[in-house]
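Whole structure, please, built from the sequences with the hints as guidance.
Residue strings, one per chain:
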Amino acid sequence: MSRAETGSVEPGERRAVRPVWSWSLGLLRSELGVTLRRRRTLALLAVLAAVPVLIGTAVRIETGDGGTVGSGGDGPAFIAQITNNGLFLVFASLAVTLPVFLPMTVGVVAGDAIAGEASAGTLRYLLVAPAGRLRLLLVKYVTVLVFCLIATLVVALSALAVGAVLFPLGEVTTISGTTISFGAGVLRAALVAVVVAASLAGLAALGLFVSTLTDSGVTAMATTVGLLITVQILGSVPQLDAIHPYLFPHYWMSFSDLLREPFHWEEIHRNLGLQAVYTGVFGAAAWARFTTKDVTA
Amino acid sequence: MTAVIETHGLTKRYRGGRLAVDRLDLTVPEGSVFGFLGPNGSGKTTTIRMLMGLIEPTAGTARVLGGTIPGAERSVLPRVGALIEGPALYGYLSGRDNLTRYDRADPTADPRTRRTRVAAALDRVGLTPAADRAAKTYSLGMKQRLGLAAALLQPRGLLVLDEPTNGLDPQGMREIRALVRELAADGTTVFLSSHLLDEIEQVCTHTAVMARGRLLVQGPVAELAAGTRGRLTVVTPDPGDAARLLTELGVAGVSVGDDGRVTAEPPGADTDLADLNAALVRGGVRVRGFGVEKASLEDAFVALTGEGFDVAG
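Top line first, the protein sequences correspond to chains A and B. Mapping to this note's numbering: the first sequence position 125 is 125, numbers consecutive. Mapping to this note's numbering: the second sequence position 75 is 75, numbers consecutive.
Calculated directly from the structure, the hints in this document are not laboratory data. Being a predicted model, the structure only gives us computed values, none of them experimental. For glycine and all other residues, C-beta sits at the position ideal for the given N, C-alpha and C. Be careful, since some hints might not be right.
Said to hold, decoys possible - Short derived list, chain B residues pointing at chain A, Cβ under 8 Å:
(1) L54
(2) E56
(3) R74
(4) Y90
(5) Y92
(6) R101
(7) P107
(8) T128
The following block contains the structure:
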């Protein structure tokens, strides 16, 4: 109980700084709590959770008469397999949300990370606490990464639940044509979710950098989401082939290689490498900007 | 006496060239309640932000509680409680959770005493009954008090309060002032910025006056007010005669105000004011009021800046 007496320390006296890891973890916990308790975050996650419900219901209604989806040709990946195995709703939902929906929510959370605190004025109080600028930036980035994982898991778990309710579950036929057990299929789905979440790391760093440039949360969010859409458009223009491999979403869809037997790692490695480069570049830019910036908001 | 805040040549020039703070030499003695006075836009907040490591000075040095800022934030700032340009809260969190959030950001805050310290800070500002309500439902005064509670989460060597009564009703202002006096009585040095002269006069032991980024004067409040002499004031329906007579009687600096009041420099100790009054009456001046008006900090300020204390300025 001797620690309970810290309150009686002379006011001007220096207090011991807690071990860096303990203080940083405390700050991270606080950050996660603040982010995940926001109504806006919950609304974003609710929208993501609704996507598999929509897809599942649509597929169910269309195939209610015993037919198959469309002609089995076009449409999002994995849609055709859902009627045979509800687990494929996980892959279909991730394939549908990954191009825009999922990264858009990440753009909102990352863009708001610093700029939102600045516009609310809470940034100055965190800094005089003093949270430390580099530490705060790292905590913010880790929080956005955790949000990436949670958002992806929300889509995956919602899809798994909807798939289990509306469709039969069972052995999984891989893209290569081999069959694996349902349990192995669920493990693959979990692996896919982690890889999809990691795919968003580059965008998270980009959003965090944008967030250090302005004192308006809305501006930072809109800019980040705008950049995402711009990059997706650039990626869809065949004439710009030369720059495509350098755009952060270029290898996003490579997660389907995890459904092959054996795995195809090549594009996944490229994807993760590209995300690491984006994280390095924009993380460094965010650090350079945030640690030297005058906080006037 | 040791200085809690000491700056030398502290200067901030913003991008675009605007000089917000110009070669500031400020000394805040330990144990004082230091009033940092100046019209809005005079550089008070920029100075405070430089002292808190939020803004990097263009030139000059600043020491707070013995540590250099920028540089020693991690050892200095945990001993400083600050309220800067009004409170900033997470509206969707309760008052209690807001304080917990700020406490977690403090590298010296002991997590084992956090709950107790948060409760004590809430209690100190009288927010215990509203502690679990979302902060966005708080009135302005309650938000201000919650901001103050955040500054009181730990025992502090220095409290920096930037316009702590801004936007409060008279009752709220009285409460905050009472709290400041209480804290000062405990020995905490309080650095209080304000554009309200009477606030400084009521609460502070020392003061510094800023205008257009420059420090005009600093020192004990009593000295500053004493440095400005009061004015001899005659209220009369015959201002012309009064002014002529006063001048003939050897009184200096006689002037007639627009309102018909005649003011002048108070005579020396060898002249009895009653004799002056009697002389005026003998000269046929009808006197409604007569006396020396005591100099206030406001007079001192006007004397220093040569202008009114224009809040909007």
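Here's how the hints hold up against the structure:
| no. | hint | verdict |
| --- | --- | --- |
| 1 | L54 | holds, 4 Å |
| 2 | E56 | holds, 6 Å |
| 3 | R74 | holds, 6 Å |
| 4 | Y90 | holds, 6 Å |
| 5 | Y92 | holds, 6 Å |
| 6 | R101 | holds, 5 Å |
| 7 | P107 | holds, 5 Å |
| 8 | T128 | violated, 17 Å |
Going down the numbered hints, you'll see the structure goes against just number 8.
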